[in-house]
Structures are given as C-alpha cells and as structure tokens.
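A.B. asks: Single-letter residue listing:
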Amino acid sequence: MFQLKLSLFSQTKSLENKIDLFHDKIINVAMTFKKAISVFLREQRSEEYRKLCKQIKNIEHDADNLRREIENQLYSQNLIPDLRADVLELVENLDSIINRFDEVAYKFYIERPEFPQEYHRRMKELCEQVSDCAENMAIASRAFFRDVSTVRDYSQKVYFIESESDLTSGKMKEAIFDSDMPLANKLQLSGIISEVADIADIAEDCIDELLIFAIKRDI
Amino acid sequence: MDISYFIFLSSGLFLGWSLGANDAANIFGTAVGTKMLKFRTAAIIASIGVILGAVFGGTGASKTLTDLGEINELAGAFMVALSAALAVYWMISNGTPVSTTQAIVGSIVGWNLYSNYPTDTTILLKIVSTWIICPVLSGIIAICIYICIKYILKNSKIHIIRQDLYTRIGLVAICAFGAYALGANNIANVMGVFVEASPFHEVKIGQLNLSGTQILFFVGGLAISSGIFTYSHKIIKTIGNDVMSMSPIIAWIVVFSQSIVLFMFASQGLQALLQAHGLPSLPLVPVSSSQAVIGAVIGIGLAKGGRGIRWSLLSKVASGWVLTPIISAFICFIFLFFLENVFNLRVYH
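Protein chains in written order, with our numbering: chain F, 1 to 219; chain S, 1 to 349.
These are computed hints drawn from the structure, not numbers from a lab.
Keep in mind that the hints are not guaranteed to be accurate.
[Stated by the list, open to error] Below, in silico cross-link-like pairs of lysine-lysine (BS3-like), each with a Cα-Cα straight-line distance of 30 Å or less: (1) S:K234 x F:K18; (2) S:K304 x S:K157; (3) F:K107 x F:K216; (4) F:K216 x S:K63; (5) S:K157 x F:K157; (6) F:K216 x S:K154; (7) F:K216 x S:K150; (8) F:K18 x S:K126; (9) F:K107 x F:K171; (10) F:K35 x F:K216; (11) F:K18 x S:K304; (12) S:K126 x F:K216; (13) F:K216 x S:K38; (14) F:K13 x S:K234; (15) S:K316 x F:K13; (16) F:K216 x S:K234; (17) F:K171 x F:K216; (18) F:K18 x S:K154; (19) F:K157 x S:K150.
None of the values given here were measured: they were computed from a predicted structure.
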C-alpha cells in the first residue's frame, strides 16, 4: 500500500515535470528563433544560422516526444477526466506554435530571402514581438496548470503584443510594396513576413481557447 | 430458529437492496459519474463501509423508528418493510431519487393507522423536521467547505495533476466515510422494525462481541451491498450531474457534506460529546442521503451565484419527497388489510 502511494506520487511528479519541460521548450524555441533570424539578417545562410536551425529542429523533436508522453500518460492513467480533453488540446496547440517556429526558420534557410538593410530593424522587432507572444503564451499556459487566476494577466499581454506584431508586419509590407525592388522579391518578402506574423496569430488563437479552459478549470 | 422469521425478513432485505441501489449511489455516484473512481472500486469500498457502519454504529437511529411505531407482529413488520421497499422501487424505476427514510416512516404511520395505534406526533414531528434540517444543514456545510477549498486552491497553487491525485485519494476516503455514515444512519430503515422479534443471539468472535441486533444489522448490511452492486449504477445517471454539472472536487464536497450530516444524525458518541459540553445536539434519526445530497448540491450552486442549477429537475425530486411517505403509507394500509383478511395473519395485537 505504502509502495503504491509512493508510486502514485512519483508518477504524478514525473508528469508535472514533463509538462513543465514542455513549456520550457516553447520559451527555448522562441528565444532561439529570435537569435537565428538576427543571425540570418546579418550573415544570411551561414554556418551559425544552420546550427541554430538544427537547434530549433531538436527542440521541436524533443517537444513532440514530450507531447506524446504527456498524452499517453494522461490517457493510460485516466488522469484529470474532466479536463483531459482541454489539456490535450492545449498541449497540441502549444506544439503547433513550436512547429511553426521550426517551419519558418527552415523557410528562411531554404528560400534565403534578401531583406534590404532598411528593413532589418523592423524585421528584428517583428521577431521580438512574435517571440514575446509565444513566451507569454507559454507562461499563461503554465499558469493554467498551477495558478489559474493569473492566466488572464498573461493573456492580455499576448493580445497586446499580437496586435503590435500585426502593425509591424503591416508597415513592413507597405514599405516593401512601395519600394522599387522586383515584384517577385516583394511577394517573397511579404510571404515570409506573413509567416512570421502568423506565429503571433496562432498564439492568440491558443490564448482564446486557454481562457475558456481556465473558466472550466474553476471549481 | 424459526424459518418463518426469515421469510418475513425477506421484505426488509428487499428494502435493504433498494436502499443500496438508491442511497449508496448518493455516496459514490458523483465520483463514478465524474470518472474519478471505477464503479467496481467504489462499490467494494462502499459495501465494506456500509456493513461496518450498520454493525458498529447503527443502534442509535433505530431507536427513534421503534418509538414512532412499535410494530408488535412479525407479519406487520414484514408488510411495513415491503411497502417501503415497493414505494422506493417504484420511484427509482421512474428515475426519481427517493428517500428510504420517508418510505419507512410512511409505512410505519400506515401501520399505526391500520392498527389504531396512536402515532407519537412529537417523534413524527422530530423526524419530519429533519427532512428540512437535513438538506439545509448539508447545504450550509457544503457552502463552508466549498469556500475553504476554493481559498486553499487559490493560494496553494497546486499543480492540476497533483490536485487530481489528491481529489482521488479524498474521494476514496470520503466514499468509505460516507458509506459508514449511511450504514450507521440508515440501517434502522431496513432492519429497525425487525429488531423486536430478532432471533439472533450474541456471538463472540475472538475479542469481538456482536449482539443479536448487530448480527441482524450485518444481514441488512449485506442486503444493502447487493443493491449497491446490482442496481446503483442506474441511479448514478440521475443524481449528481443531472441536477448540476459537477467537477470532481465539487463531487467530493457534496459527498463529504452529506456524510457529515448522516454521521451527525447517527453518532451516539458525537451526541454524548455535545451534550457533555452543554451544546445543542441533533436527534438520532435516520435521515435521507438523497435530501442531504440535493441540499449540498443546491448549497454549492448558490455559493456559485445560483447559476447552473436545474430547478425543473429539483422540483421533480422534491415532489418525490412529498409523494414517497404518502404512497408508502397507502400501500402499507391496503396490504395490511389483505394480509389480515386474505391470508389470516395477525399484523398487530
């Protein structure tokens, strides 16, 4: 009996750690992405950028494994039956943000878009904003598991930063299409900017759902 | 032992089965309904708890029922228990959560009316007053526990997974305590009318002495267990989530409040302790676990601002509470007439 209790507590602790680790991965991937784009703008497809892309891929891979383990454990041990579906959806949503970081970083690697110097500052600003958005999303999600009353505070940050990122990406696109560069380049840069800005949009969608989950989590 | 006693006892066992099917679902129905406990696990824990409660804590509340109507013929006791059981069975087959206590009280009054014995109105009023006090008290206790738990959860910042583990452990513990309280409080409904004519003698098992009444209550406990295993899963569908959707923590609060109330109305030790300190004590009366559950659910619903309570279903439940004693008394009266005039059995003297 005593052993059974210990085993239950250790399994619980292990799952808590996995969920925490999963959130760490989002923060890691967001920071690495920000650094990678900064390197790309400075050095294009350099060895350092390639390494950072590989790092993002590894984080994405680890996050996938953690997601599977969390999902398996939740189902096989029949945990949190009333909130399980919400938690699974939340984990899937967070994973989709990590995947998107990986896809965008890889797109930069494949397409090698050439941003003129005058757009670098705004591009870095946009990357900063989407990273902040994802980080705050991760913090809000972590709060959902431990301190549900603070979810709303972080959600407001995500909403604010997302609208800022929309403004930044819009201004960038306007400036690009007003410039003299060839249309093909304009379309390529516009597409890339949209992809980057989409990360913040996904985070915002996740937050919308998270707020509903938080209401359901209240006893 | 007289074999006819066991034939007459069968109606009490049937009532025990009905109680197991109906009232035990109140104990663990919410835990099973919210998928926090498996039905089998909950049923085993509840059965053990009910039997222990019946054998070791059941004598207090049974005296009140005996005082209400001292049924002095075995055939009469048979019909009182059978009428209550039929009333309960009829109500639960209609999907209405019903009170076994009200059914047996109705039957006893039916017997009193038939046999022209006066009904002690003081005791009757004492019992009927608990039909109001019990849900109100349960509701108040539930509100207090709800506020405490909410405060603790807000400030402790327990991880959702750990909270799930604690809730499960809490549900198992409360399922055992609730079943004990149910056995202690409600065994009087099942076996109370047979105590006078009990043929069982004292038995010594090692250091343990069991009186004849305790053995009778043990048999009643077994009947309740059979009701738990065979039919309670059908009642679980009605109680709990139908009145108000519940989280596992709310389920725990509901069962805890209900168990406390049942225990308060059954424990001789608690009564003696309160009296010894000059505090007001509650009468030892069999109360309805259904009423306690509904009281707790409404209490929490009100603490949440009154939203989410399905008042229409509650009115159906409340109408069941009014109808049960009336139907039970009516069935008892009619059947006593048949038993006496068709089968030529003495139902009172």
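A.B. asks: For every hint, state whether the structure bears it out.
C.D. replies: Evaluation of the provided hints:
1. As the CA atoms of K234 (chain S) and K18 (chain F) are separated by approximately 39 Å, the hinted pair breaks the 30 Å bound.
2. Proximity of K304 (chain S) to K157 (chain S) is assessed by CA-CA distance (about 21 Å); at most 30 Å being required, the pair is judged to hold.
3. Pair hint K107 (chain F) plus K216 (chain F) does not hold up; C-alpha atoms about 38 Å apart against a cutoff of 30 Å.
4. About 46 Å separates the Cα atoms of K216 (chain F) and K63 (chain S), which puts this hinted pair outside 30 Å; it is violated.
5. Restraint check: the Cα-Cα separation between K157 (chain S) and K157 (chain F) comes to about 21 Å, which is no more than 30 Å; the hinted pair holds.
6. Proposed proximity of K216 (chain F) and K154 (chain S) is supported: the alpha carbons are some 15 Å apart, at most 30 Å.
7. Between the alpha carbons of K216 (chain F) and K150 (chain S) the distance comes to roughly 14 Å, so the proposed pair stays at or under 30 Å and holds.
8. For a cut-off of 30 Å, the pair hint linking K18 (chain F) to K126 (chain S) is broken: about 57 Å separates their Cα positions.
9. Proximity of K107 (chain F) to K171 (chain F) is assessed by CA-CA distance (about 22 Å); at most 30 Å being required, the pair is judged to hold.
10. Restraint check for K35 (chain F) and K216 (chain F): not satisfied, since their Cα atoms lie roughly 37 Å apart, outside the 30 Å limit.
11. At roughly 34 Å between alpha-carbon atoms, K18 (chain F) and K304 (chain S) are farther apart than 30 Å, so this suggested pair is violated.
12. Annotation: proposed proximity of K126 (chain S) to K216 (chain F) is violated, straight-line Cα distance about 42 Å (limit 30 Å).
13. This hinted pair checks out: K216 (chain F) and K38 (chain S) have alpha carbons roughly 23 Å apart, not beyond 30 Å.
14. Among the hinted pairs, K13 (chain F) with K234 (chain S) is inconsistent with the structure: their alpha-carbon atoms are about 36 Å apart, more than 30 Å.
15. Straight-line distance between C-alpha atoms of K316 (chain S) and K13 (chain F) comes to about 45 Å, which puts the hinted pair past the 30 Å bound.
16. For the hint pairing K216 (chain F) with K234 (chain S), the CA-to-CA distance comes to about 27 Å; that is within 30 Å, so the pair holds.
17. This hinted pair does not check out: K171 (chain F) and K216 (chain F) have alpha carbons roughly 39 Å apart, beyond 30 Å.
18. The suggested pairing of K18 (chain F) with K154 (chain S) holds, with an alpha-carbon distance near 23 Å, which does not exceed 30 Å.
19. Under the criterion of a C-alpha separation no larger than 30 Å, the hint pairing K157 (chain F) with K150 (chain S) is consistent with the structure, at around 26 Å.
Hints 1, 3, 4, 8, 10, 11, 12, 14, 15, 17 from the list above are not met by this structure, while the remaining hints are.
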